[in-house]
Amino acid sequence: MIEFRSVTKQYPDGTRAVEDFSLVIPSRKTTVFVGSSGCGKTTILRMINRMVDPTSGSIQIDGDDIGAIEPVGLRRSIGYVMQNSGLLPHRKVVDNIATVPLLKGVKKKDAREQALKLMDTVGLDRAFADRYPSQLSGGQQQRVGVARGLAVDPNILLMDEPFGAVDPLVRSDLQEELIRLQRDLDKTVVFVTHDIDEAFYLGDQVVILQKGGHIAQVGTPSEILSNPADDFVANFVGANRGKRALHIEETATGSILVDDEGAPPAR
Amino acid sequence: MNWILQNLPYLGQSTLAHLQLSIPPIVLSFVLSVPLGWLANRFRPVRGPLLTIAGLLYAIPSLPLLLVLGTFLGSLRSDANIIITLTLYGMALMVRSTADALAAVEPDVRQSATAIGYGPWGRFFAVDFPLAGPVLLAGMRVVVVSTVSLVTVGGVLGINGLGLLFTDGLQRAIIAEIVAGIVLTVVLALVLDALLVLLGRALMPWSRATAAPSRRQARKVLATA
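Top to bottom, those sequences are chains A and B.
Just so you know, the first sequence maps onto residues 1 to 267 in the UniProt record's numbering.
Just so you know, the second sequence maps onto residues 1 to 225 in the UniProt record's numbering.
Extracted from the complex, chain B is given alone in its bound form (with noise of 0.2 Å):
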């Protein structure tokens, strides 16, 4: 108790560059998949071999695709090398996730939609994105605590964040400073989690009035994730 009261600025610190390492990764392999899992959808015989292999990437073991990376780089420590490595895991479960989205949306509305009058990329951004919204907010949700978890792999490098709460903590045997990282790392992903949930009210109130259906895409979504 005593080390974490009189490291609390470290621990700000820590915390505060753990998040520049979250949310880049966070935000990109959103933008990322999106098209990606568009082109899965809409192309089906991409569909298959595109998902299989987003979904392998998540199979790499995250330090040895860290040090692969790095070397191309030249720098393991670089945050770059972080922040690829996390975007491509990120985008491991999104793609799939972008893909079962649109996927879910509802071929009545999508045909109505069309017979109303809508071109298809004024369909695609006014009808099926927002529709396929909840389960994107689904996916990305799981996104989000994977990405706030694995940034600590980043600790093995040397590279800031809490990860270096726990490899510090473990050379010099101060456990208070292993579980400062630990329940720093989880309340950083709830945190962020709760923000993203909010975000998606306000973005979207019409799901809310509809709860029904679009949770049960968003469960079923993340049962396959």
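So that you can see chain A by itself, here it is in the shape it has in the complex (with noise of 0.2 Å):
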């Protein structure tokens, strides 16, 4: 469990990124963070592994205050993915998957190997092992990315607009990859991003945030689209604008996110 207790980031020029934030993100689930650009959510998120540090409040995983981890022990032990992956370029792709683990000192040897494997879980075929990340479509990169945030089998995996820069056809399949590498790892994914339909997919709990890290609303994708929390969440889900009407729909199955065609939402 992560949770944010009061927390202001506010820069030497007085800008406030986030105000007074507060939130309980809960363990082995998906949490998205949404909103325009502008609006804190990548600031919220590097708090986490402390990129950012807050200037007031605290933040607590599992109970412990994280300004008291010393920071880069504290990112080697939490997975982070962000948007173009980030790999770095003068490293093969087996060896980017192996940065954290050989930095908290595993054997090459054993690195590899398990680098090998991650490249399994990630749906990547183990022939690009030796390439470089440039000789990877964008696609792929980001699998690499995932499979380097899940090295060290983090906790807790942070995820920056991972699939942001890919087409909608690849990110898509990322997406659905997730859900499943989410079904079988159990891990607390943090993610942001800005596109709605995205976070819906993807979140158990959605937070969809204003400028300043203000909290619209929180809840699951069916409780936000069910019942939005004022004007500001009903425009920004689309649910009052005729083009994209999601809608929560019972089934007999259960209930359901269709789109005013009553198709579930183009991914």
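For the record, the hints were derived by calculation from the structure and aren't laboratory data.
Each hint should be verified, as a subset may be incorrect.
Among chain A residues calculated to face chain B with C-beta under 7 Å, some are [as the list claims (entries may be wrong)]:
1. 75
2. 82
3. 132
Simulated restraints on C-beta separations [to be verified]:
4. A/65 with B/108: 26 to 32 Å
5. B/43 with A/26: 42 to 48 Å
6. B/121 with A/22: 43 to 49 Å
7. A/230 with B/55: 56 to 62 Å
8. A/65 with B/42: 29 to 35 Å
Backbone N, C-alpha and C define an ideal beta-carbon position, used for all residues, glycine too.
Reconstruct the complex from the two isolated chains, following the hints.
This is how it looks when you write it as structure tokens:
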């Protein structure tokens, strides 16, 4: 469990990226922060591995204040996947995946062995192991990024718009893959996106943010869709737009999310 | 032509002496420029003054610098004199190249390296420095050629090397000797440059997999150097 307690981040020039933010992120669930750019979602994410330190307030992971944990060690224990993969261009795919285990002192042979297994996990052909990231497609690079994030078998996986830069088709592949992985691996995933469809598709808990990290609404996708907290949320989720009238429909097998044509939303 | 054939051993010796005077300043200017370039890149206020001072070094004419430095060292003709002088010239080129090379490292990559748990020093040696490689290499190629050509100035002071072929050839009116000096200097520069390129390929196999951006960066730095 990750808990934010009235966290504020103010930059030296006085701008407040995040203001009095409090939230509980449950373990072994996917929590998605969604909002337009500048809403503070990435700042909030980066506070979890101390890439950004809050100006006031505290963040706890399983009851321990992370302000007291040495940042480099903390980061090595948390998986991190970012947009454009953030892979090291001068290392082969397998070495990229093995980076963090090697930093933690795992033997090179074991780390490579494990990296190859992770390539299987994320659905990458082992033939790519000895290529450089630039020789892979965007989608493949993202898979490498996910494999690297999983390499130390972290409890927490932070994902900062990881699928933002790939084309829609590949993106939906990667999203499905993530859902499958999450079923198998049971991590606490914290995911940042500006794409509301992606948020609803992936999130067990969706957090809709407004400027300054103010929470417009927190809930499961169906809670938010069926009962938007205010006009801002209603607008944001597109519930009152004719084009994409997402709503919940009760069926014999349970409630499903459909658009105005009665189909599950295109992903 | 006759003169050349009769003096092959002398030409060989001069080339070797020239090489021996060229290598130390090339290596030293690299080793000394990396921390300075890092400093310039790390602390913004330092950048301007440091790069300006380094650049101005190159504007000092070489002969007076050799004379002044030689006077300080107590011997105009010493190898130390020419090595120190040429190291300064090498640094004049390389400090800026290093600062630019480090600045050109993708911020995304640096951030993600920090995010996955590199400490500051670990990140410098494992990420920033190797990724700056292609631009550093471009800078070093200029330093190599410039150094090999500047060593000839030592000839005026009577320091061994291919420069002596110019002064000697001029005084004794042996055209072949002058031409041999020029040709050997150019060849030496080209050979060292080629070796550097090969070294770069061996150390940075990834840069050819991503040839496009790194070459563009390299060209940019060459243009500013």
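Now the hints, each set against the structure:
1. 75: holds, 4 Å
2. 82: holds, 5 Å
3. 132: holds, 4 Å
4. A/65 with B/108: 26 to 32 Å: holds, 30 Å
5. B/43 with A/26: 42 to 48 Å: The hint (42 to 48 Å, Cβ to Cβ) holds, given that residue 43 of chain B and residue 26 of chain A are roughly 43 Å apart.
6. B/121 with A/22: 43 to 49 Å: violated, 36 Å
7. A/230 with B/55: 56 to 62 Å: holds, 59 Å
8. A/65 with B/42: 29 to 35 Å: holds, 30 Å
The structure fails hint 6 only (numbered hints given earlier).
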